[in-house]
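Number of protein chains: 2
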Amino acid sequence: MSAQTLTPPEIAADLIDQASFRDGMARLAGAVNIVTTDGPGGRAGLTASAVCSVTDTPPTLLVCVNRGSSAAPAFLANDAICINTVGPAHQDLAMLFGGKTPMDDRFAQAAWTRGASGAPVLDGAVVSFDCRVSLRQVVGTHEVIFAEVLGVQTAEDSPASAYWGRKFHELRV
Amino acid sequence: MSAQTLTPPEIAADLIDQASFRDGMARLAGAVNIVTTDGPGGRAGLTASAVCSVTDTPPTLLVCVNRGSSAAPAFLANDAICINTVGPAHQDLAMLFGGKTPMDDRFAQAAWTRGASGAPVLDGAVVSFDCRVSLRQVVGTHEVIFAEVLGVQTAEDSPASAYWGRKFHELRV
Numbered sequence: 001m002s003a004q005t006l007t008p009p010e011i012a013a014d015l016i017d018q019a020s021f022r023d024g025m026a027r028l029a030g031a032v033n034i035v036t037t038d039g040p041g042g043r044a045g046l047t048a049s050a051v052c053s054v055t056d057t058p059p060t061l062l063v064c065v066n067r068g069s070s071a072a073p074a075f076l077a078n079d080a081i082c083i084n085t086v087g088p089a090h091q092d093l094a095m096l097f098g099g100k101t102p103m104d105d106r107f108a109q110a111a112w113t114r115g116a117s118g119a120p121v122l123d124g125a126v127v128s129f130d131c132r133v134s135l136r137q138v139v140g141t142h143e144v145i146f147a148e149v150l151g152v153q154t155a156e157d158s159p160a161s162a163y164w165g166r167k168f169h170e171l172r173v
Numbered sequence: 174m175s176a177q178t179l180t181p182p183e184i185a186a187d188l189i190d191q192a193s194f195r196d197g198m199a200r201l202a203g204a205v206n207i208v209t210t211d212g213p214g215g216r217a218g219l220t221a222s223a224v225c226s227v228t229d230t231p232p233t234l235l236v237c238v239n240r241g242s243s244a245a246p247a248f249l250a251n252d253a254i255c256i257n258t259v260g261p262a263h264q265d266l267a268m269l270f271g272g273k274t275p276m277d278d279r280f281a282q283a284a285w286t287r288g289a290s291g292a293p294v295l296d297g298a299v300v301s302f303d304c305r306v307s308l309r310q311v312v313g314t315h316e317v318i319f320a321e322v323l324g325v326q327t328a329e330d331s332p333a334s335a336y337w338g339r340k341f342h343e344l345r346v
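Top to bottom, those sequences are chains A and B.
Under this note's numbering, the first residue of the first sequence carries the number 1, and numbering increases by one thereafter.
Under this note's numbering, the first residue of the second sequence carries the number 174, and numbering increases by one thereafter.
A hint or two may mislead.
[What the hints assert, rightly or not] The following label-pair restraints were derived from C-beta to C-beta distances: (1) 297/B - 92/A: 28 to 38 Å; (2) 297/B - 104/A: 39 to 49 Å; (3) 187/B - 40/A: 12 to 22 Å; (4) 286/B - 104/A: 45 to 55 Å.
[What the hints assert, rightly or not] Covered stretches of chain B, going by a simulated chain A footprint (3 or more residues, C-beta under 8 Å): (5) 214–226; (6) 315–322; (7) 326–337.
It should be emphasised that the hints constitute simulated quantities derived from the structure, not laboratory data.
C-beta: ideal position from N, C-alpha, C; glycine also.
Can you build the whole structure from these sequences, using the hints too?
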């Protein structure tokens, strides 16, 4: 399976350029998440900071997936996803899932269980949200995947990480 | 103008409850943002952590707005929004914009300029994204507002804040 071929979106002339956008986004602190999926499209995972809460009625998150990424075909085909938030113990794993390592080699570097959805749940994640996709919306190069939460699992008392200024910062209780 | 009356969404029986969702989300670190708007629907602002990057092609963010909030009518009517990320200097202001204070009293507590969109830009924000709404999507109680970025402004060298475990944590360069 290859990543989808994309038609470049039309871009209005009064928008900022990509570099300015990226520099600005580097100043917006956020969690880093290893997002996994499994199902008819196969097992896959990627690292994403573009995750956020949508509503608690029904409990829903979203994640934005680059349609050109190697993991995209699986995320576009499957309905099971798990959002695993990275703490200090999993920063190297997040780099691995954000790179070009083959899928099976990524998963071999950590311990996983399986959520009710069927997606891989990372052992010891700061928090894991096991989800079923409820809605999809294409925006430019990305697909915004909305997902309802079937299960949540937390590693209580573990520190967390925030990514800001292009590096990790440790957060303690 | 009153907030929209909402029909309760249908919720599948196998989803987690709201309290579990909120407890889980409290473990997902994120920036806190004062999101402002102005236009035909009037000037308004609210505090939101549900902001994330969507794509840099075209440069797009999203913010999730509760359709029942006092600021919602303005956000649903206007196309100009600005996402102002809060650092230590603006934590109290974020609490104010997250509460029940009348709109004019909220804005009176800080200094603002006006972006190309027409939305208020917070002086000294860690980063401000001045935006034009490009797409809207209702999900449960919330409206997901996608917005393309017309301008970005940063307060270089200022510390930032991450919200995690229901409190602010300072992030330094």
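These are the hints, each one checked on the structure:
1. 297/B - 92/A: 28 to 38 Å: This hint holds: roughly 36 Å between Cβ atoms.
2. 297/B - 104/A: 39 to 49 Å: holds (48 Å)
3. 187/B - 40/A: 12 to 22 Å: Since the Cβ atoms of residue 187/B and residue 40/A sit about 20 Å apart, the hinted range of 12 to 22 Å holds.
4. 286/B - 104/A: 45 to 55 Å: holds (52 Å)
5. 214–226: As far as the stretch 214–226 of chain B goes, the hint holds, because 5 residues have Cβ atoms under 8 Å from chain A.
6. 315–322: holds (count 5)
7. 326–337: Check passed, 5 qualifying residues.
Violated hints for the displayed structure: none, as all numbered hints are satisfied.
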